[in-house]
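Protein chains in written order, with numbering that gives the first Met the number 0: chain A, 0 to 274; chain B, 0 to 258; chain C, 0 to 341.
Each hint should be verified, as a subset may be incorrect.
Claimed, not checked - Pairwise CB distance ranges, derived in the manner of DEER restraints:
hint, chain 1, residue 1, chain 2, residue 2, range
1, A, 195, B, 152, 24 to 30 Å
2, A, 193, B, 250, 35 to 41 Å
3, B, 250, C, 27, 57 to 63 Å
4, A, 195, B, 171, 47 to 53 Å
Just so you know, these hints were derived from the structure itself, not from any lab.
Since the structure is predicted, the reported quantities are computational estimates derived from the model, not experimental observations.
Where is the CB? At the ideal position from N, CA and C, for every residue including glycine.
So the chains spell out like this:
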Amino acid sequence: MFQNRAEALALALPAAVFAAIVFLAPVVILLAEGFRSADSWSLSAYTTFFSDPLNRTVFLRTFRLGLMVTVVSAVIGYAAAFAIVNLTPRNKGQMIGLVVLPLMISSVARTYAWIVILGRTGIVNQALQLVGLSDEPIRFLFTETAVFIGLLQLFLPLMILSLISALENMPKDAIPAARVLGANWFQVFFKVILPLTKEGLVIGGTLVFTGSLTAYITPAILGGSKVLMLETLLYQRVTVANDFVAASVIAFILIVMSFAANLLLKRLATARNKR
Amino acid sequence: MTPRIFTPLVLFLVIGFLIGPFFIIVAASLSGGETLAFPPQGFSLKWVAKVFTVESFQESFAISMLLAIGGTAAALVLGVPASYALSRYKLPFGETIRTIVSLPIIVPGIIVGLALLRYIVVPFGLNITLTLFLAHTALVLPYAVRVVSASLNNLRSDIEEAAVLLGSSRAGAFFRVVMPNIRSGILAAFILGFVTSFNQVPVSLFLSGPGVRTLPIDMLSYMEITYDPSVAALSALLAFMSIGIVFLAERFLGFSRYV
Amino acid sequence: MSDAPFLSLEKLTLAYGDTVAVKDLDLSIRKGELVAFLGPSGCGKTTTMRSIAGLLSPASGAIKLDGADITRVSANKRSVGLVFQSYALFPHLTVFENVAFGLRLKKLPAAEIESRVTAGLKSVGLSNFSARKPGELSGGQQQRVALARSMVMEPKVLLLDEPLSNLDARLRLEMRTELQRVQKETGVTMIFVTHDQGEALSLADRIVVMLNGAIEQIGTPEDIYNRPISRFVADFVGFENIFAVEGGKLKAGNGPIDLSGSLPPDTAGLAWRPRMVTLGSGPFQGTVRGASFSGSTREYLLDTPLGAIKAEEDAALAARETGSAIAFDLPVEKAARLKKFG
């Protein structure tokens, strides 16, 4: 550890000052704007925002979709992570590669695929008509279901990766030991696996939840103006109505929710390091 | 269910769900038809070819490339010294500084874009391209600091003292014995930053002007006009580009260690 | 070896932030001496060594080397070599380039660098390894590269941080011999830091025992081993029966105990190794509580009015029964006289 403080500051300050000016200051001013009304501090922007039923619907929908994507990705994530950690090291590496791969592909491209799949002339509609389940094309695009599927596909890899590392850190003999002691698979999961991988679940869950809350492309492409989420609402308020106050309110809600989730994550991470 | 059936079935379904759509895009982009459809109507490369003729795609691709390369390079110029100070020095307010440079990863990009538009572009009349460059630099900075710090923490700090005792200056020690040993970490940070910046949408949403928009934004607006398969073809091409870069990085750097 | 001090530390005070690690340390070392800094971790020995190297600037005091005050001379201009405990080889450079590193910075002619590096590697027996990377060498080989890297610079003082602690028993003996040979051949002044008394006793010309940031005792290995002057040093070098002395009487067990023979007035304590205790006769009585056999000797633990006493006897003598009563003596003439007891 070098002791020279001036040298240390000279190295670190450019980055910090840059982030403070280009990033922190504008964001803070934007957030402050939502608490101003006629030259004084006030919460009126927030009461106005929440008095509009559309805004309330969008807020609740965003929260609900975030929660649903998190829960479903946890269920699928456990199954997938469990299957992957039990593979041979070589196969495991390849599978993890396949899980990481989509993260490197533009989310515009990934979301666009669902138009091909769920569109009026998409695969799903063609299949339904082929087997005679439906005469007319069913509308999937611009529904909550489409947004849900898109978000799930986008963020599932983060959950799987967190759970893989949690399962790998679990004591090797915990599951056989529980089986020998007479636990069925249901009990093994809830009494052994879940408590031992809780932190991985929380980390993955936080990433998926904040990711879903703040996603823009998926609700924009698959939800359109029919299924607005907070980010698409913010964009609409600014571009359609020039309503920067509402934008500031939405921004604050998004930041508070993201920070709350990240704080939880950080607390759990430090708790784990201390152990 | 026994693991013999369970494992392959789960993996087939999950990997299919994650990767399948990518194959569908590739197939759709090779369609001979006029509209987006699957299975494709006939085979042709005309949509792939069209991608290269759309002028706005060319322009926005150039801008995205410039932002991704320039922004990441700038983030490293700021981030490498900061990481070095954070890992090797007793830095006053070290945790605060670490938090400030890490914040752009936590705050939703759309808010950053809007804030920059409203409080930097409008009042100071700052050029949109320059603002995009600053925004992308800030966005990549947390990744640069994280990956380079990890790389520095894996390197013993006494080699710098050894270099100094052999007659090197402090700066000389950094360039002679630290840099060569964190080179692959810096390269990994560059690749991660490049991919992040190139695929970034929300930050750039509000930051577009006449003739200036990033490629993903351009794709979004193109989709609003037409659903022809050229966006599918472009998506497939971009995906191949990302996969190629990551594959090479993994091959030569063991990239996944850093991500 | 001349008697004039070659390296001297004067009223040296070293601190990390507000934590004082070494206070008002005075020490002089002669040219060509091999000195050990011995003490438990946290005693300030490594801190003192780092300040000699210039890696830590003193809060106050002065460091003088070869007639010049080097207190404010930066580490890269001091002609002081340091072999790190971790060796600190440059992982990206070959063995040859590691050794050549300092010479290249001096901008010496290529031919001279070549010949000095080759000679340096030869002297540590690593001529065939010059093209390897440090990661391909064993710990012992890495250490010899680090030694060669410092020695080709022809430093005025060579510092070594725990030079034997990372090596196994066989390599330890090899390295000890190596260091003594290098020192003899080059006449370089060497200081090494260790927490292992055996290492210090077997290698050093002179030992500086440190405790809590100050020097506890300086002396030859014989001095330190046979004539510790404080309770800490006595304990550190293996004295087991240590008692305070007050007014010429031994302070032990139930009260002051008269001693046969008189003591100089500055005696603060007395200490005996187990083998200095006479068993079978003497003014004191005890009971054998336990015995352990260690090949050539037998060690006994006695319950006595003085407290627990450890004694040792030749294993050829008949074993003494556990629980039996026994007379013993603590002969004052054999004891180490401690001037400091605290």
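These are the hints, each one checked on the structure:
1. Distance hint check: the CB atoms of residue 195/A and residue 152/B are about 27 Å apart, consistent with the given range 24 to 30 Å.
2. One distance hint, 35 to 41 Å for the beta-carbon pair residue 193/A and residue 250/B, holds here, with the actual separation near 37 Å.
3. Look at residue 250/B against residue 27/C: about 59 Å separates their beta carbons, and that is inside 57 to 63 Å.
4. Residue 195/A and residue 171/B have their C-beta atoms about 49 Å apart, which keeps the hinted 47 to 53 Å range intact.
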